[in-house]
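Please build the complex by placing chain B on the supplied structure of chain A, with the hints as guidance.
Read top to bottom, the protein sequences are chains A and B. Residue numbering for the first sequence follows my numbering, beginning at 1 and increasing consecutively. Residue numbering for the second sequence follows my numbering, beginning at 313 and increasing consecutively.
Hints are not guaranteed to be accurate.
[As the list claims (entries may be wrong)] Facing chain A, from chain B, some residues (calculated, C-beta under 7 Å):
| no. | residue |
| --- | --- |
| 1 | Ser355 |
| 2 | Met431 |
| 3 | Trp580 |
Keep in mind the hints are simulated off the structure, nothing from the lab. Where a beta carbon is used, it is the ideal one built from N, C-alpha and C, also for glycine.
Each chain, written out:
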Amino acid sequence: MADVALHPNRVPATKATRRRNGLHNALRRKSTVAFLMTLPLILLVAAFVIYPALYSLHLATLNKSMTKFIGLGNFEFLFKRDTFWLVVKQSCIFAISAVIFKALIGFIVAHFVHNVPANKQRRWRGMLLVPWVIPPAMSTLAWLWLFDPSYSAFNYTLSFFGIGPIPWTGDANWARFSVILVNVWYGAPFFMIMYLAALKSVPEQLYEAAAIDGANWWQRIWYVTLPMMRNIIAITTLFSLIVTFANFDIVRILTAGGPLDHTHIFATWAFRVGIEGSDIPLGASVSLFMVPILAVAAIFILRDISKRGNEA
Amino acid sequence: MSTITIDKAGPTRKVKKYGSISRDRAWALRWSYFFLVLFAIFSLTPPLYMLITSLKSSAEISAATNPWWVYHPTLENYIGLLTSNQFLRFFWNSAWVSIIVVTITMLISVPAAFALARMKFWGSATLATGVFLTYLIPDTLLFIPLFKMFVLIGDWTGIQLINRWYVLLFIYPTLTVPFCTWIMIGYFASIPKELDEAAIIDGASWFQTLTRIFIPVALPGLIAATIFAFTVSWAQFLYPLVFTTSTDQLVLPVGIITTLIKGDVFNWGQIMTGALLGAAPPLIIYAFLMDYYIAGLTAGATKG
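Extracted from the complex, chain B is given alone in its bound form:
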């Protein structure tokens, strides 16, 4: 008799307990969703508000109707900006600077990372640490001496660098190269040694080992580094603000802020459209390559 009751009691107690755990989990899940929705609203409000405002005419904006709703959607802001030579000029300047900087960054940082990860030489460990330290030096510390440096170079050699967009090609790599080198060292170091040893035994030179073995194997890291370099060059604001002033030399972020804000008159419809178009390239890349983007972001601190 007693054994039967125990048998009966066992399962029921078990079922009850599972039920309470799953109920707890369900509540935890509901709360998680609730707060995630709140945080998502917080995160997405500014970009959505950009979109809402960009679809309004200036008359609707100044009429101060419900700011969260578009009553008469119009594309006039987009048409206005995309047919303005000035805005297109900013866009092309930004695009050229970013593309060239990404190329320079990859050409410098991939061989350097390869050498630092695989070919131990005198001072290579120190250099790797130095690269990481360089990454920690912010742009705000260097813009004044750099400005003075370029003015002096202009005075001595007659090469005008201040107020030319190509000066940014020298400066942006200082922001992108250290980080890209750092994460590429991490990716290269994770490749098994046997792979490149086999290549060397088969008679491959170091250069061939890099291009035939390391670059294909570490391609995800390479994509992450490229995305990072592009995002940083596209978003950089301080250096172009300091080094370029005339409107045909400006890149997009500075261009929008200095030309669309005229004194106290804010043409908000156009400003928001410009901001949205300026945010579009990184957002599009992010939408398609989110996993690489996140890999690059976390690699900086988790590998090393």
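For reference, chain A alone in the conformation it holds in the complex:
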């Protein structure tokens, strides 16, 4: 590119040529070109990720009208509110139980898909991954309709078994169950795909050796499959923990935090307080509480990834 642009300028004065050659050489230098190629990425991340992240730290120290510095006043206020502790509790229940069930279901389903003859695996994988492909906002609407208080298709089906109408989103505990169920439905296929890829990379000889040594199926999973998949399981789980902990769409659409704020998690409550309640500093403080857990998960992921890099 640089070559073509500079050609017409070669004819005039020699001094100019030399100076341009300096620029030319700089452009030819590997590090300069590389830096220019990454510049848009750096600018994007600096302007729309790093700056807002630091800005939210600043915002969290302001009062509601954002005119006065109040230090940790917002946090003091939060610690005194029962709703805040409810949100902390629900966020942990939601994220941990959803991730555990996603990981378990993903692991089990991956094994079943792996058992099926190779030429049929594609079809099953295709069907089972559909929940992950549909935009979560759209599929949660379908769940909302399945859970509808008066026309619930689930309650219609359950009534044949004599199970009374279940208040899927009306009762606090059922609503907690429902948001977790929808999240598991949405996230389990991701685990399934990751585990399936990991299962396929386990050498067949290991299983043969285990079978010769007389290992039963449980021992084969415990001593061969799990150690071989350890890394993928760790990364996938930590990654999913971050995404689930920061979830917004599902809770927002399914319950909007209700009944009585019992299903609010950090993201939905920050939205309620910060955007709907237009108390931006308080909302920023609420979402900052996600940082410690995200940071811990991120550190572990990085450690695992660099370990993989060293092994390879």
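Frame of chain A, contents of chain B only:
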């Protein structure tokens, strides 16, 4: 005599054992199919229920007949939505935002990934790690400061960004670029060094190496990254919910939720039709390019 009996016993025992293993396998297979069918039902119930409801008239829905069956299929919901200017507006907003964001994402992340994978420079390893870390920062952490930032930019410069669909063009790349860069680094790093060394020796510039060698060779990765960027921009819900409010600026997911749900009156037939139409583009892409989709999904964690 003894040798003969041994000879006879050998094969029979062998046959018997094979039989039991294959019987075990057959049972394992049957159980696998059984559970796979159960899980497939679990996975496909919501989308199928969307389809069922979208074919019902509102009279049939409120009559509370068997919810799993359509007695009088009708396309009135589809006709209603596809002739409504508002809905088409949402659809076009979504389509434009997604297409432009995919283009921006590719223009930023492909050169960056190339530089980070091949042209070692001061801080390139740190930057690659930083890109991955950025990918881990969720949208829910940044929407409040970003909202305030755009309000302030509007106040200072007079450029109205809040409640304009194009504000999403600045924000969505923060979700797509880090991941796309990350998986492209993986794909580029897997290309043999000899290939680009040969190109450089033949006098190709870095730019030519990228466009003539790397992009064609890493095309599957490029397709996977494109699909990912499109899916993420199409599905994003939080940012448009926060940054856009008037009905002509909304994208599809937010549009369906804010306009079709009017107070306590839920027009479920139309909502399900809208949801299904909103889910259609990613589903269609997925149906045709499933292998790329899965490659992109697994590349994020297995390469690196």
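Hint numbers contradicted by this structure
Those not satisfied: there are none.
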